[in-house]
Amino acid sequence: MTTELLKVNNLKQYFPIKGGIFGRRVNDVKAVDDVSFAVKPGETLSIVGESGCGKSTTGRAILRLDEPTSGEVTFQGKDLLSLSKSEMRKMRKDLQIIFQDPYASINPRQTVRQVLNEAMEIQNVLPKNKREDRMLELMETVGLGAHQLDRFPHEFSGGQRQRIGIARALSVDPKLIICDESVSALDVSIQAQVLNLLKKLQKELDLTYLFIAHDLGVVRHISDRVLVMYLGKVVEIGDKKSLFDNPKHPYTKTLLSAIPVPDPTKKKEQIILKGDVPSPINPPSGCRFHTRCPFATDKCIEEVPDLRTSPEHMVDGHQAACHYIEEIESGEMKPNY
Amino acid sequence: MAETTVNASTQETKRINPQIENMKTMWRKLKTNRIAMAGGILILFFIVVSIIGPYFTSLDPNAPDVSSRLQGPSSEHWFGTDHHGRDIFTRIIHGMSITLYIGFSSVAIGMVVGVLIGIIAGYYGKRTDAILMRIMDVFLAFPGILLALGIVAVLGGSINNVIIAIAIFSIPVFARIVRGSTLAVRKLEYIDAVRALGASDFRIIFRHILPNILSPIIVQATLRIATAVLTASGLSFLGLGAQPPTPEWGAMLAAGRNYMWEHPHIALFPGLAIVAVVLAFNLFGDGVRDALDPKIKS
Numbered sequence: 274m275t276t277e278l279l280k281v282n283n284l285k286q287y288f289p290i291k292g293g294i295f296g297r298r299v300n301d302v303k304a305v306d307d308v309s310f311a312v313k314p315g316e317t318l319s320i321v322g323e324s325g326c327g328k329s330t331t332g333r334a335i336l337r338l339d340e341p342t343s344g345e346v347t348f349q350g351k352d353l354l355s356l357s358k359s360e361m362r363k364m365r366k367d368l369q370i371i372f373q374d375p376y377a378s379i380n381p382r383q384t385v386r387q388v389l390n391e392a393m394e395i396q397n398v399l400p401k402n403k404r405e406d407r408m409l410e411l412m413e414t415v416g417l418g419a420h421q422l423d424r425f426p427h428e429f430s431g432g433q434r435q436r437i438g439i440a441r442a443l444s445v446d447p448k449l450i451i452c453d454e455s456v457s458a459l460d461v462s463i464q465a466q467v468l469n470l471l472k473k474l475q476k477e478l479d480l481t482y483l484f485i486a487h488d489l490g491v492v493r494h495i496s497d498r499v500l501v502m503y504l505g506k507v508v509e510i511g512d513k514k515s516l517f518d519n520p521k522h523p524y525t526k527t528l529l530s531a532i533p534v535p536d537p538t539k540k541k542e543q544i545i546l547k548g549d550v551p552s553p554i555n556p557p558s559g560c561r562f563h564t565r566c567p568f569a570t571d572k573c574i575e576e577v578p579d580l581r582t583s584p585e586h587m588v589d590g591h592q593a594a595c596h597y598i599e600e601i602e603s604g605e606m607k608p609n610y
Numbered sequence: 003m004a005e006t007t008v009n010a011s012t013q014e015t016k017r018i019n020p021q022i023e024n025m026k027t028m029w030r031k032l033k034t035n036r037i038a039m040a041g042g043i044l045i046l047f048f049i050v051v052s053i054i055g056p057y058f059t060s061l062d063p064n065a066p067d068v069s070s071r072l073q074g075p076s077s078e079h080w081f082g083t084d085h086h087g088r089d090i091f092t093r094i095i096h097g098m099s100i101t102l103y104i105g106f107s108s109v110a111i112g113m114v115v116g117v118l119i120g121i122i123a124g125y126y127g128k129r130t131d132a133i134l135m136r137i138m139d140v141f142l143a144f145p146g147i148l149l150a151l152g153i154v155a156v157l158g159g160s161i162n163n164v165i166i167a168i169a170i171f172s173i174p175v176f177a178r179i180v181r182g183s184t185l186a187v188r189k190l191e192y193i194d195a196v197r198a199l200g201a202s203d204f205r206i207i208f209r210h211i212l213p214n215i216l217s218p219i220i221v222q223a224t225l226r227i228a229t230a231v232l233t234a235s236g237l238s239f240l241g242l243g244a245q246p247p248t249p250e251w252g253a254m255l256a257a258g259r260n261y262m263w264e265h266p267h268i269a270l271f272p273g274l275a276i277v278a279v280v281l282a283f284n285l286f287g288d289g290v291r292d293a294l295d296p297k298i299k300s
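Going line by line, the protein sequences match chains R and H.
For the first sequence, our numbering assigns the number 610 to the last residue and increments by one with no breaks.
For the second sequence, our numbering assigns the number 300 to the last residue and increments by one with no breaks.
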């Protein structure tokens with residue numbers, strides 16, 4: 274019945290701002306505000322958006338690294354948010370995360386062997402005598418040598434450390450891996466290596482990725498589907514080709530126009546937005562993008578647009594949260610920059 | 003090609019454990035700090051004396067000898083004798099172990115409890131943190147000696163009660179430092195990583211947080227021993243700690259007070275002994291702190 278591996282419904286993550294002498298809750302940072310999406314088994318769904326739009330927070334909330342304020346996260350039919358702490362601990366075997374900073378994500382006092390062994394010990398993956406073989410296998414899988422097993426993190430380069438992070442995530446045989454900006458701290462040539470490794474692993478181990486990134490080139494390379502976030506909300510979601518070739522939300526268009534084209538003779542129209550991202554403490558009413566949108570009208574200020582598809586202009590599964598998809602498409606509405 | 007192979011193989015034999023490496027760096031820095039080393043050597047000397055010293059003294063520290071009361075320092079009685087005719091040097095040697103015992107054990111107890119409270123407050127945060135740290139604030143609001151005085155007054159005067167009293171007033175100091183360090187370490191990604199693997203809080207706290215916050219704890223413990231020795235002597239001086247005829251330095255100081263003008267040596271030598279021990283621990287503690295501080299380059 275359920276074709277989705279992971280389903281996120283109305284996820285909200287508010288961080289309280291405390292103030293006054295009694296530490297009252299003065300306001301909230303609405304980091305993730307009513308986000309819903311689904312991830313199918315075996316696919317790579319990327320979440321993109323500028324810094325502070327809530328993409329990492331979404332990933333952390335799914336794993337309950339920060340307890341979400343409200344919403345539903347269903348993984349293989351089970352609501353993760355209603356699990357007790359110890360049930361959740363067992364569940365974590367299937368959901369892993371690869372972090373952004375390979376220098377901070379490994380305990381500097383543990384050798385690779387200790388890191389991997391601990392992971393398997395926590396989830397009780399294998400009997401003790403078989404762990405050694407598994408570790409060697411994992412090292413080989415991520416492209417490290419068996420002789421490096423007893424080294425400490427500081428003896429590795431950034432790319433190698435990220436491979437250790439990947440090996441650690443793989444050691445418990447997860448089904449879903451959340452890659453939280455996993456390649457953005459690496460330099461470009463290493464990025465490509467790690468991305469290709471992730472792709473290879475996906476094929477071999479039948480993994481599902483939730484790939485959080487801000488680099489659109491990376492996203493284009495690895496994703497099957499892409500979700501665009503702006504100020505804690507989903508503005509557009511669709512399969513990669515449809516979204517990259519035919520973006521419908523004005524924000525997505527702006528974002529995509531920022532991708533450099535490797536052809537100096539080709540002139541590209543670049544949309545430049547005015548102003549900064551508004552504060553997530555008091556987000557704009559209606560459509561959150563209306564303060565910077567070149568098409569904004571009074572309706573945008575008042576009504577929150579739902580994610581919807583427009584059959585004439587978009588393929589199935591491609592949705593955008595804009596009131597005026599058709600009008601912009603037909604040229605009826607002109608941008609006022 | 004051949005050269006690279008050689009390099010690789012030499013690297014292979016040198017496995018650098020960062021923990022050991024840190025200790026080595028610390029030791030290297032500490033060695034260059036002469037004052038701290040002097041403190042350290044003094045501490046070692048005191049420990050050795052407290053263990054083997056009593057076997058080398060021929061006199062009984064507690065047996066009165068009326069024939070030789072209130073004698074000044076001489077070749078027979080190096081530090082002179084007190085109002086009961088007991089040899090002060092012998093008593094100081096015997097008192098060394100009491101002083102160090104009080105210092106080490108009270109700080110050890112205070113450290114264990116304080117570290118636990120601090121790490122729990124820092125790790126769980128929110129209400130747990132607020133409640134625990136407000137209790138610690140209440141303890142910190144009392145002057146140390148006053149708090150110890152109160153506790154000993156309730157429990158009664160004895161060496162063990164002095165240890166308990168000093169341990170209790172050492173708790174908040176450790177709790178504060180540990181809480182702060184825990185807050186910093188807790189936010190690191192590798193803690194999130196083990197959490198995402200499903201590690202229990204116990205494992206995270208003791209395997210991942212504690213080993214990474216040891217340095218400030220070590221520094222504080224060393225410095226705290228000096229305070230503990232001073233407080234213990236103070237309590238005994240007030241008659242609330244070790245009871246006579248125990249050769250405790252504070253108690254000896256109190257007894258010597260009555261003969262202060264005519265026979266100053268009775269109070270002077272126990273006083274000097276206290277100063278020496280406190281100074282040694284303070285100097286060494288300062289040195290360890292500097293050596294563990296990555297900002298200070300040797």
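No lab work stands behind these hints: they were computed from the structure.
Backbone N, C-alpha and C define an ideal beta-carbon position, used for all residues, glycine too.
Be a bit skeptical, because a hint or two may be false.
Said to hold, decoys possible - From chain R, some residues computed to sit far from chain H (all C-beta separations above 12 Å): (1) 366; (2) 382; (3) 391; (4) 395; (5) 396; (6) 427; (7) 444; (8) 474; (9) 476; (10) 533; (11) 571.
Claimed, not checked - Below are the DSSO-like pairs computed for lysine-lysine, each with C-alpha atoms no more than 27 Å apart in a straight line: (12) R:285 to H:26; (13) R:526 to R:476; (14) R:513 to R:313; (15) H:26 to R:363; (16) R:366 to H:189; (17) R:313 to R:291; (18) R:572 to R:472; (19) R:291 to H:189; (20) R:358 to H:26; (21) R:539 to R:572; (22) R:363 to R:476; (23) R:351 to R:363; (24) R:403 to R:285; (25) R:366 to R:514; (26) R:539 to R:366; (27) R:285 to H:33; (28) R:280 to R:313; (29) R:472 to R:539; (30) H:31 to R:363; (31) R:280 to R:572; (32) R:547 to R:572; (33) R:448 to R:476; (34) R:358 to H:189; (35) R:401 to R:285; (36) R:401 to R:280; (37) R:514 to R:476; (38) H:26 to R:291.
Verification of the hints:
Annotated as non-interface, residue 366 of chain R brings its C-beta within 12 Å of a C-beta of chain H; the closest such distance is 7 Å. The beta carbon of residue 382 of chain R is not kept farther than 12 Å from every beta carbon of chain H, the shortest such distance being approximately 6 Å. In this structure residue 391 of chain R is not separated from chain H by more than 12 Å, as the shortest Cβ-Cβ distance comes to only about 7 Å. Not every CB of chain H is more than 12 Å from the CB of residue 395 of chain R (nearest about 5 Å), against its label as outside the interface.
With 12 Å as the threshold on Cβ separation, the claim that residue 396 of chain R sits away from chain H is violated: the shortest Cβ distance comes to roughly 6 Å. At the 12 Å boundary, the C-beta of residue 427 of chain R falls inside the reach of chain H, the nearest C-beta of that chain being 6 Å off. Against the 12 Å criterion, residue 444 of chain R falls within the reach of chain H, whose nearest CB is about 9 Å from its own CB. Against the 12 Å criterion, residue 474 of chain R stays outside the reach of chain H, whose nearest CB is about 18 Å from its own CB.
With a least beta-carbon separation of about 24 Å from chain H, residue 476 of chain R lies farther than 12 Å from that chain, consistent with its non-interface assignment. Consistency note on residue 533 of chain R: stated as away from chain H, and its beta-carbon is indeed over 12 Å from all of that chain's, at 30 Å minimum. For residue 571 of chain R, the requirement that its beta carbon stay farther than 12 Å from each beta carbon of chain H is met, with the minimum near 43 Å. The suggested pairing of residue 285 of chain R with residue 26 of chain H is violated, with an alpha-carbon distance near 49 Å, which exceeds 27 Å.
As the CA atoms of residue 526 of chain R and residue 476 of chain R are separated by approximately 31 Å, the hinted pair breaks the 27 Å bound. Taking the CA atoms of residue 513 of chain R and residue 313 of chain R, the gap is near 14 Å; set against the 27 Å cutoff, the hint holds. Proposed proximity of residue 26 of chain H and residue 363 of chain R is contradicted: the alpha carbons are some 40 Å apart, above 27 Å. For the hint linking residue 366 of chain R to residue 189 of chain H, the alpha-carbon distance of about 22 Å falls within 27 Å, and the restraint holds.
The suggested pairing of residue 313 of chain R with residue 291 of chain R is violated, with an alpha-carbon distance near 39 Å, which exceeds 27 Å. Proximity of residue 572 of chain R to residue 472 of chain R is assessed by CA-CA distance (about 43 Å); at most 27 Å being required, the pair is judged violated. Between residue 291 of chain R and residue 189 of chain H, the direct Cα distance comes to roughly 19 Å. Compliance with the 27 Å bound is thereby established for this hinted pair. Restraint check: the Cα-Cα separation between residue 358 of chain R and residue 26 of chain H comes to about 41 Å, which exceeds 27 Å; the hinted pair is violated.
Taken as a hint, the residue 539 of chain R and residue 572 of chain R pair is broken in the structure, with Cα atoms around 37 Å apart against an allowance of 27 Å. At roughly 25 Å between alpha-carbon atoms, residue 363 of chain R and residue 476 of chain R fall within 27 Å of each other, so this suggested pair holds. For the hint linking residue 351 of chain R to residue 363 of chain R, the alpha-carbon distance of about 13 Å falls within 27 Å, and the restraint holds. Pair hint residue 403 of chain R plus residue 285 of chain R does not hold up; C-alpha atoms about 42 Å apart against a cutoff of 27 Å.
Annotation: proposed proximity of residue 366 of chain R to residue 514 of chain R is violated, straight-line Cα distance about 32 Å (limit 27 Å). For the proposed pair residue 539 of chain R and residue 366 of chain R, the alpha carbon gap of about 49 Å is over 27 Å, so the pair is violated. The suggested pairing of residue 285 of chain R with residue 33 of chain H is violated, with an alpha-carbon distance near 55 Å, which exceeds 27 Å. The hinted pair formed by residue 280 of chain R and residue 313 of chain R meets the criterion: a straight-line CA distance of about 9 Å does not exceed 27 Å.
A threshold of 27 Å between alpha carbons decides the hint, and for residue 472 of chain R with residue 539 of chain R the separation of about 31 Å lies outside it, so the pair is violated. Pair hint residue 31 of chain H plus residue 363 of chain R does not hold up; C-alpha atoms about 46 Å apart against a cutoff of 27 Å. Simply put, residue 280 of chain R and residue 572 of chain R have alpha-carbon atoms about 31 Å apart, too far for the 27 Å limit, and the pair is violated. For the hint linking residue 547 of chain R to residue 572 of chain R, the alpha-carbon distance of about 20 Å falls within 27 Å, and the restraint holds.
Note on residue 448 of chain R and residue 476 of chain R: the hinted pairing holds, with a Cα-Cα distance of about 12 Å set against a maximum of 27 Å. In summary, the hint linking residue 358 of chain R to residue 189 of chain H is supported, as the alpha carbons are separated by about 20 Å, within the 27 Å threshold. This hinted pair does not check out: residue 401 of chain R and residue 285 of chain R have alpha carbons roughly 41 Å apart, beyond 27 Å. With a CA separation close to 35 Å, the supplied pair residue 401 of chain R and residue 280 of chain R exceeds the 27 Å bound.
With a CA separation close to 20 Å, the supplied pair residue 514 of chain R and residue 476 of chain R stays within the 27 Å bound. The straight-line distance between the Cα atoms of residue 26 of chain H and residue 291 of chain R is roughly 44 Å, outside the 27 Å bound, and the hint therefore fails.
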